[in-house]
Amino acid sequence: MTREQGPYFSQAASLESLSRFRDYIDQTGRQLGVDPGVLADLRLVVDEAVTNVVQHGYQGRPGPVEVRMKRLGDDVVVCIRDQARPFDPGQVPAPQLDKALADRPYGGMGLYLIRTMTDEAEFRPAPGGGNELRLIRRSAFAGTG
Amino acid sequence: MFEIRQDEAGRVVVSGRLDAAHAPEAQVFLDDLAGHCVMDMGALEYISSAGLGVLLRTHKRLLADGAGLKLVNVNHHINDIFTYSGFDKLFEIEAAPASG
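Residue numbers (the numbering used here), protein chains in the order written: chain A, 7 to 151; chain B, 4 to 103.
In isolation and in its complexed conformation, chain B is listed as follows (with noise of 0.2 Å):
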């Protein structure tokens, strides 16, 4: 299952797995996007390299108006897919609070 919808606030809350098969669901969603954007990822259980294209396509375009993704609540594994893949130097990242 993933969701991916907006807050009243604005903010573009993601959930569930993303994985190849919600990429393109994903990636229609951002491409509608303009501004800075924040993305709550605190309900997101997974990511594969598939979800990582579409924050780095999605990142790419807002830059180039002077804007950008930025990524929140991201949790500790989501956070380690993150620095293998380099994003912790492409994107502003915000941990979740450590739980428990």
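Bound-form chain A, shown alone (with noise of 0.2 Å):
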């Protein structure tokens, strides 16, 4: 299993950064010609993963997150990652969207999300400590749809 290589945009992880991490996947998403409405749910699909890195994976503690966008032909590869404890998606409960209200828990919709917007989301351990997830949209861009 390799890295992945490549310029990474890094914050110290905080809820404070999420706007950072969007403009940085917007700006990277227009300067590579992906379609508005996928840009738009990657936008989503990142919030909600460095989100969880900082909720979650760090628990308030410090620590650095790193998100790269990239073109592969015609999908687009996002990766995060960060050196929190171990994440194993398997623990995440769904978020049971048939409920009535009444009986609806009020998390569990972040991964669901990741992975509806998505058409790829593999979490792994990153070499060397820490978590790596790797997001792929397909036909991202502007008549690959």
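Calculated from the structure, these hints are not laboratory results. Treat the hints loosely; a few may be bogus.
Derived pair list, reagent style DSSO-like, types lysine-lysine, alpha-carbon separation capped at 27 Å [claimed, not checked]:
1) B:Lys-63 x B:Lys-92
2) A:Lys-76 x B:Lys-73
3) B:Lys-73 x B:Lys-92
4) A:Lys-76 x B:Lys-63
5) B:Lys-63 x B:Lys-73
6) B:Lys-63 x A:Lys-105
What follows is a list of derived Cβ distance ranges for each label pair [stated by the list, open to error]:
7) B:Ala-99 x A:Gly-149: 22 to 32 Å
8) B:Asn-78 x A:Gly-39: 17 to 27 Å
9) B:Gly-38 x A:Glu-126: 29 to 39 Å
10) A:Leu-103 x B:Glu-28: 22 to 32 Å
Facing chain A, according to a computed beta carbon distance under 8 Å, are these residues of chain B, among others [claimed, not checked]:
11) Ala-12
12) Arg-14
13) Val-16
14) Ser-18
15) Arg-20
16) Asp-22
17) Ala-23
18) Ala-24
19) Ala-53
20) His-62
21) Arg-64
22) Leu-65
23) Thr-86
24) Ser-88
25) Gly-89
26) Leu-93
Positions of the beta carbon are idealized from the N, C-alpha and C atoms, including for glycine.
The two chains are supplied separately, each in an independent frame; assemble them into the complex guided by the hints.
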């Protein structure tokens, strides 16, 4: 397993960094020519992933979060790395969308949205510690959808 | 940037980006409301799951008193997120008029 290469946009883990990560996705996506609808989805997906790292991974402790977005053929690949404790997506309960309001839990939506709005979402341990989330959105460019 | 306020007609007006950084501020504001509430989302650019949680909590609390939260002027992208998350079955939602 090789660590993804290339420049990453890096910030200290905090909820205040969310807007900066969204700006990075916007700017990079526009430079790459990503379809605007796809870009709106990716902005949310990265927000959800970084929020999870800050709240559940680091749990308020300091640490870096790194994001990189690049084009691979007609696809867009986004990688999000951290040095937080190991994350096992299998431990996150599904959001139970079919439950009546009174029975519906508040959590679990972030991971669900990540999976719904991408074609692939692979969580894996990063070499040297931490986690890496690799997201793929296929046919992400105008005219390829 | 995120802003939440009540207009002269009593509608809750939200604008900007409702993410996990601003969800607590929105929750504090909404916790003070009672009765039937209408939230105008015309100027809301963005909502994440943290914002969805705020809406769900508020709607649940208001419904327990026989009222509820109605979401109006909802743009296309946010409407899609409501559909993915099953909110279209839980809330009364009015889409924004189609633009341009």
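What are the numbers of the hints that this structure violates, sorted from low to high?
2, 4, 9, 11, 12, 13, 14, 21, 22 and 23
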